[in-house]
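Undergrad: If you read the sequences in order, they're chains X and V.
According to our numbering, the first sequence is numbered sequentially starting from 420.
According to our numbering, the second sequence is numbered sequentially starting from 18.
These aren't lab readings, by the way, just hints derived from the structure by calculation.
Just to be clear, a hint being listed does not mean it is correct.
[As the list claims (entries may be wrong)] The following label-pair restraints were derived from C-beta to C-beta distances:
id: 1; chain 1: V; residue 1: 362; chain 2: X; residue 2: 681; range: 52 to 60 Å
id: 2; chain 1: V; residue 1: 272; chain 2: X; residue 2: 692; range: 49 to 57 Å
id: 3; chain 1: V; residue 1: 181; chain 2: X; residue 2: 690; range: 34 to 42 Å
id: 4; chain 1: V; residue 1: 93; chain 2: X; residue 2: 668; range: 56 to 64 Å
id: 5; chain 1: X; residue 1: 690; chain 2: V; residue 2: 357; range: 29 to 37 Å
[Unchecked claim] In silico DSSO-like links for lysine-lysine, alpha-carbon gap of 27 Å or less:
id: 6; chain 1: V; residue 1: 317; chain 2: V; residue 2: 523
id: 7; chain 1: V; residue 1: 644; chain 2: V; residue 2: 105
id: 8; chain 1: V; residue 1: 118; chain 2: X; residue 2: 625
id: 9; chain 1: V; residue 1: 464; chain 2: V; residue 2: 118
id: 10; chain 1: X; residue 1: 450; chain 2: V; residue 2: 62
id: 11; chain 1: V; residue 1: 97; chain 2: V; residue 2: 525
id: 12; chain 1: V; residue 1: 214; chain 2: V; residue 2: 118
id: 13; chain 1: V; residue 1: 523; chain 2: V; residue 2: 118
id: 14; chain 1: V; residue 1: 97; chain 2: V; residue 2: 170
id: 15; chain 1: V; residue 1: 268; chain 2: X; residue 2: 737
id: 16; chain 1: V; residue 1: 240; chain 2: V; residue 2: 97
id: 17; chain 1: V; residue 1: 523; chain 2: V; residue 2: 97
id: 18; chain 1: X; residue 1: 737; chain 2: V; residue 2: 273
id: 19; chain 1: X; residue 1: 625; chain 2: V; residue 2: 273
id: 20; chain 1: X; residue 1: 545; chain 2: X; residue 2: 523
id: 21; chain 1: X; residue 1: 600; chain 2: V; residue 2: 105
id: 22; chain 1: V; residue 1: 474; chain 2: V; residue 2: 441
id: 23; chain 1: V; residue 1: 339; chain 2: V; residue 2: 416
id: 24; chain 1: V; residue 1: 105; chain 2: X; residue 2: 450
id: 25; chain 1: X; residue 1: 604; chain 2: V; residue 2: 339
id: 26; chain 1: X; residue 1: 737; chain 2: X; residue 2: 752
id: 27; chain 1: V; residue 1: 317; chain 2: V; residue 2: 268
id: 28; chain 1: X; residue 1: 737; chain 2: X; residue 2: 445
id: 29; chain 1: V; residue 1: 62; chain 2: V; residue 2: 268
id: 30; chain 1: X; residue 1: 625; chain 2: X; residue 2: 600
id: 31; chain 1: X; residue 1: 445; chain 2: V; residue 2: 416
id: 32; chain 1: V; residue 1: 641; chain 2: V; residue 2: 339
id: 33; chain 1: X; residue 1: 601; chain 2: X; residue 2: 591
id: 34; chain 1: X; residue 1: 600; chain 2: V; residue 2: 644
id: 35; chain 1: V; residue 1: 317; chain 2: V; residue 2: 274
id: 36; chain 1: X; residue 1: 554; chain 2: X; residue 2: 591
id: 37; chain 1: X; residue 1: 584; chain 2: X; residue 2: 604
id: 38; chain 1: V; residue 1: 274; chain 2: X; residue 2: 737
id: 39; chain 1: V; residue 1: 641; chain 2: X; residue 2: 625
id: 40; chain 1: V; residue 1: 464; chain 2: V; residue 2: 97
Don't be surprised by glycine CBs; every beta carbon is placed ideally from N, CA and C.
Chain by chain, the residues run as shown.
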Amino acid sequence: MSHLQTAIQVEHATIPPYLTALYSIKSDPQKSNLASYNIIRAVLVEEMAHLTLAGNLLNAVGGSPDLTRSDFVPDYPAYLPTGETDFEVGLEGFSPSAIESFLKIERPTPPTADSVVELEGVAYVKHESLAAGRKQGRGLLPHFNPKGDKGNDVLHYWSIGEFYKAIAAGFKRLADRLTEKKLFKGDAARQIGPEYYYSAGGGIFKVTNLDTALQAIDFISGQGEGSFGRIYDDGGELSHYYRFDQIRQQRYYRVGSDQPDQPTGAPLDVYWDEVYPIRPNLKVSSLRPGSELYRAARDFNELYRAFLHRIQDALNGKPAEFMPAVADMFRIKEAALRLIHNPLPTGEGNASPTFEMNYINGTSA
Amino acid sequence: MTTATSGSADLTRVVAPEEASSGTYDVVIVGAGIAASIVAHELSKEQGFRTLIIEAGPGHVMSQEGYQGLLETFYSAIDKDNNAPYVKNPNAEMPRSSLLKQLAPGETNPNAYWVQFGPYVSDSSYSRVLGGTTMHWEGKTIRMLRPDFEMRKRYGHGLDWPIDLDVLMPYYRRAEWEIGVSGEVSSQRAIGAEFEKDYVYPMHEMPPSYLDEVVGKDFNGMKIRLDDDEYELNLSTFPQGRNGVPNEAYKRWNDKKLFEPVGSVTFHQAEEGERCQGNTNCVPICPVQAKYDARKTLAKAVMTGRVDVLPQAVASQVHFDKENGAVKEITVKVYQDRDRSDHRSFTVRGKIFILAANAVETARLLLESALRGNLKLNERIGQHLMDHPYLLAWALMRKNGGVGRGPLVTSGICNLRNGSFRRKQAAFAVDIHNDGWGWVDGSPVSKLMDAVDNLNKYGPALRQELVNRISRQLLLAFMVEMPAERTNCVTVDPAYPDALGNLRPKIKLDVPDYSMAGIEYARNLSRLVFQRIGAEDFTSYDPQNYGYRTYNGQGYEIRGGNHLAGTHIMGTSSADSVVDSYQKSWEHPNLYLIGAGSMPTIGTSNTTLTITALCMRSAEAIIKDLKQYPAEIRSGGK
């Protein structure tokens, strides 16, 4: 169950970076980044669907998704694993480096190195084989001590993809051991169906048995990384990785015919200058208390926290709360733009949302 | 052939005019609105039929970027009329209400596209762009009532249809799937609409707005007497072609699957438009494409590879075989630049020809063809022109109604769509406008300008002023029935050509006394409604307005409904009509005239849903016709 809670957190962790890059894009009809805007927006919408599906998985086995715990929103820059090392995911404006980091988030990473430890078909790395950065333990994924002959080694997931493989393996093992009926004991009324959530490349579905659970895991990991060596899935959808690759390469992939890394479709215009110059990973503590920006930053955090509480309620037996959450998202956008459109008095660029849930109006950490 | 333009890929399979002209098509369709798109899509489901669509407007709007361009044009337009997203195009111009002015009797306005003579001027319009008038429609998808099909027989006004509601029932259901309708069947049944047993709409109704709730609280249950019958009036929601929450109960009508709303038209995963966001900007153009438009259907058709589109091509003459009356070919004028009138003429050919250019333009094309070819065509072509005249009544409520939330209209008063009173006066349906007085005076922008420029308000006082003057606005829009009359008509006159030399439509569209009686009653009812809910009536009609018309000593401003219909009505024989119930010409064996022009009455239903149902039925007849051609000369699809 703790793995499923982590899955919800990992899916959420991509949302603030995507949102920040999205809202940093200026809307100049002449030099329009609309194509990039639409790509990031669509991926963002799908990440929220993944979060919801992960919630369905946890609810299916009788758990309670928690979006309000103090460590739910990471302290950016956050770190995600890929093999022995990890990479930094920060809050920054639309830029080549932001797209590079989005590509890293969505990239399929085949476990090929010598340091791989395989357990039930899932690739891990021993703690001692980790690079220095990953050893410091800032990552979002859990580590664990396997029982039996692997001894006292602490094992870490090779990548997010491997983490989902482990979840799938866990579901299969538990269904086998407990029977499906006992494993999927959650209240079906807590499941979010397609009537509540939309715009997610096929929509989301209820998880009530092993089949639908594995389908959900497949959907989450498949939509991001795609199947290896193929850019489109069976439904004709481009995976997130290749959608971002279109921005990097400034060209669309053509359905059916194109090979990975070689898009041959229409050109996709990107104007890296048509972006608000926001300061990456801004913190409330660097703003002068009482200033307008300080208040705006805390207002944003307050709104975002309320939004997470709303989703929390929706995933805990009140699916209808998804409806007002839509209005929340409009308010969040307005509050984000208020920051992004305004320069910092220090001359370090423009402000941006800090996503610090402990810095809100009324109370502070 | 290109399938991509700059930016994101465009879905349109645009062909060069040389290719279109030399190609062998099974079907040639003039127009790319909903009637054309429905038929093209039905044909494209069949293997082996190739269809060419001739579109007068530009072609590149079938992509996210193309649509964004329309939005930008709309945002920057000063006059936000129904055609504001579409740049002025003298080669394929369209009626624009912002260009109208009052005319003296016999005077005409050279700046307006329609040739109309004063004193009464209609501001009805349509869009000559890819997607047709669904590119500015509001999205109401109301079924016609059973009595609407037999108005002459039952009430002695208007005409009767050659078919009844039962014939259209299954097609209405398919049309509601294709458009993607959100609505509540039980509230439609309560006002006399008919459905199959246990039927529900694909999606739940658009939730009534806060304004609806505020009005309904005091209004619902109002009783009136009319023609010796008592009616209880209540608000009910309108079914709409706008994405809402899929209805679980619809699965039994959809192969056990939940309905999947169709969002924005794009080749890429845009994940946008699957739900209405309540931007209150439905007319002319939805910012997120949650409102249905015909491009959504056309996109499916062109994706099959069996449908080509020739844009910027204005059909100018239909040529007939002198022996059997069959259409031989159509001349089209293809222009490069909308600001330049130089063009080249091409001819296009097919086995079957379909004119789907809307009631006015289809009649205009046939009448011009008759004039240039010195032919005598069916004398009813162009006659029986109909529309829905609208009467507006506006007031300020005591309470804040939260104007500006939700789609343009969510609820209305539909209890007077039918009754014995129709022997004497027209029926009507009433909209409650969620955008306040926008249709009357350009609110909220006009009120903001006034508060800043004239009242010198700013800061909190300005905010308060706007709440006072906008949030309490209430606008009732009465959509009034109009029976067909032969004297209301489209004609052409060589004295009035457009930039390409095609003849502009000359329009006579007088509001008959039967409708005026309905309008007089509507104004009186609006007073009673305002009284009942305690709203202050601000309605006044300006004698200087181009739509001003008097009746029984009272004056009214009458607005066009953009529901133009009836110029090639269907009937039982060539003696009383232009087409049969399949919309096939009586005189020309390979010619179909499709769209609202075929409708002998339009009752109190916005025409689009019925057009869709009729065209789905016509498509079956067209496919049957096509299959009668010898198989060996049928051309294959790509």
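Undergrad: Hint by hint, say whether it matches the structure.
TA: So, going through the hints one by one against the coordinates:
A hinted range of 52 to 60 Å is violated for the C-beta pair residue 362 of chain V and residue 681 of chain X, which are about 43 Å apart. The hint said 49 to 57 Å for the Cβ distance between residue 272 of chain V and residue 692 of chain X, and at roughly 50 Å that hint holds. Roughly 59 Å separates the CB atoms of residue 181 of chain V and residue 690 of chain X, a value that falls outside the hinted 34 to 42 Å. The hinted window of 56 to 64 Å between residue 93 of chain V and residue 668 of chain X is violated, with their beta carbons roughly 32 Å apart.
Restraint check, residue 690 of chain X to residue 357 of chain V: a C-beta distance of roughly 31 Å satisfies the suggested window 29 to 37 Å. Between residue 317 of chain V and residue 523 of chain V the alpha-carbon distance is near 36 Å, which puts this suggested pair outside the 27 Å criterion. The hinted pair formed by residue 644 of chain V and residue 105 of chain V fails the criterion: a straight-line CA distance of about 42 Å is larger than 27 Å. Straight-line distance between C-alpha atoms of residue 118 of chain V and residue 625 of chain X comes to about 59 Å, which puts the hinted pair past the 27 Å bound.
Straight-line distance between C-alpha atoms of residue 464 of chain V and residue 118 of chain V comes to about 23 Å, which keeps the hinted pair within the 27 Å bound. Restraint check for residue 450 of chain X and residue 62 of chain V: the C-alpha separation of about 40 Å exceeds 27 Å, so the hint is violated. Proposed proximity of residue 97 of chain V and residue 525 of chain V is supported: the alpha carbons are some 26 Å apart, at most 27 Å. Distance check on the hinted pair: residue 214 of chain V and residue 118 of chain V sit about 50 Å apart at the alpha-carbon level, beyond 27 Å; violated.
Between residue 523 of chain V and residue 118 of chain V the CA atoms are separated by roughly 17 Å; this keeps the pair inside 27 Å, and the hint holds. Between residue 97 of chain V and residue 170 of chain V the alpha-carbon distance is near 42 Å, which puts this suggested pair outside the 27 Å criterion. For the hint linking residue 268 of chain V to residue 737 of chain X, the alpha-carbon distance of about 23 Å falls within 27 Å, and the restraint holds. The straight-line distance between the Cα atoms of residue 240 of chain V and residue 97 of chain V is roughly 38 Å, outside the 27 Å bound, and the hint therefore fails.
The straight-line distance between the Cα atoms of residue 523 of chain V and residue 97 of chain V is roughly 25 Å, inside the 27 Å bound, and the hint therefore holds. For the hint pairing residue 737 of chain X with residue 273 of chain V, the CA-to-CA distance comes to about 26 Å; that is within 27 Å, so the pair holds. A C-alpha spacing of about 16 Å is found between residue 625 of chain X and residue 273 of chain V, which places the hinted pair at or below 27 Å, so the restraint holds. At roughly 22 Å between alpha-carbon atoms, residue 545 of chain X and residue 523 of chain X fall within 27 Å of each other, so this suggested pair holds.
Of the pairs offered as hints, the one joining residue 600 of chain X and residue 105 of chain V is violated, with about 65 Å between alpha carbons and a cut-off of 27 Å exceeded. Distance check on the hinted pair: residue 474 of chain V and residue 441 of chain V sit about 50 Å apart at the alpha-carbon level, beyond 27 Å; violated. About 68 Å separates the Cα atoms of residue 339 of chain V and residue 416 of chain V, which puts this hinted pair outside 27 Å; it is violated. Using a Cα cut-off of 27 Å, the hinted pair residue 105 of chain V and residue 450 of chain X holds, with the two alpha carbons roughly 24 Å apart.
For a cut-off of 27 Å, the pair hint linking residue 604 of chain X to residue 339 of chain V is broken: about 78 Å separates their Cα positions. At most 27 Å may separate the alpha-carbon atoms for a hinted pair to count; residue 737 of chain X and residue 752 of chain X meet this at roughly 24 Å. Of the supplied pair hints, the one linking residue 317 of chain V and residue 268 of chain V holds, its CA atoms being roughly 22 Å apart against a limit of 27 Å. Restraint check for residue 737 of chain X and residue 445 of chain X: the C-alpha separation of about 37 Å exceeds 27 Å, so the hint is violated.
At most 27 Å may separate the alpha-carbon atoms for a hinted pair to count; residue 62 of chain V and residue 268 of chain V meet this at roughly 23 Å. For the given pair, residue 625 of chain X sits about 15 Å from residue 600 of chain X by alpha-carbon distance, which is consistent with the 27 Å threshold. Straight-line distance between C-alpha atoms of residue 445 of chain X and residue 416 of chain V comes to about 39 Å, which puts the hinted pair past the 27 Å bound. Between residue 641 of chain V and residue 339 of chain V the CA atoms are separated by roughly 25 Å; this keeps the pair inside 27 Å, and the hint holds.
Between residue 601 of chain X and residue 591 of chain X the CA atoms are separated by roughly 13 Å; this keeps the pair inside 27 Å, and the hint holds. For the suggested pair residue 600 of chain X and residue 644 of chain V, the alpha carbons sit about 55 Å apart, so the restraint of at most 27 Å is broken. At most 27 Å may separate the alpha-carbon atoms for a hinted pair to count; residue 317 of chain V and residue 274 of chain V meet this at roughly 20 Å. A C-alpha spacing of about 31 Å is found between residue 554 of chain X and residue 591 of chain X, which places the hinted pair above 27 Å, so the restraint is violated.
Between the alpha carbons of residue 584 of chain X and residue 604 of chain X the distance comes to roughly 22 Å, so the proposed pair stays at or under 27 Å and holds. With a C-alpha separation of about 24 Å, the suggested pairing of residue 274 of chain V with residue 737 of chain X holds against the 27 Å cut-off. The hinted pair formed by residue 641 of chain V and residue 625 of chain X fails the criterion: a straight-line CA distance of about 44 Å is larger than 27 Å. A C-alpha spacing of about 15 Å is found between residue 464 of chain V and residue 97 of chain V, which places the hinted pair at or below 27 Å, so the restraint holds.
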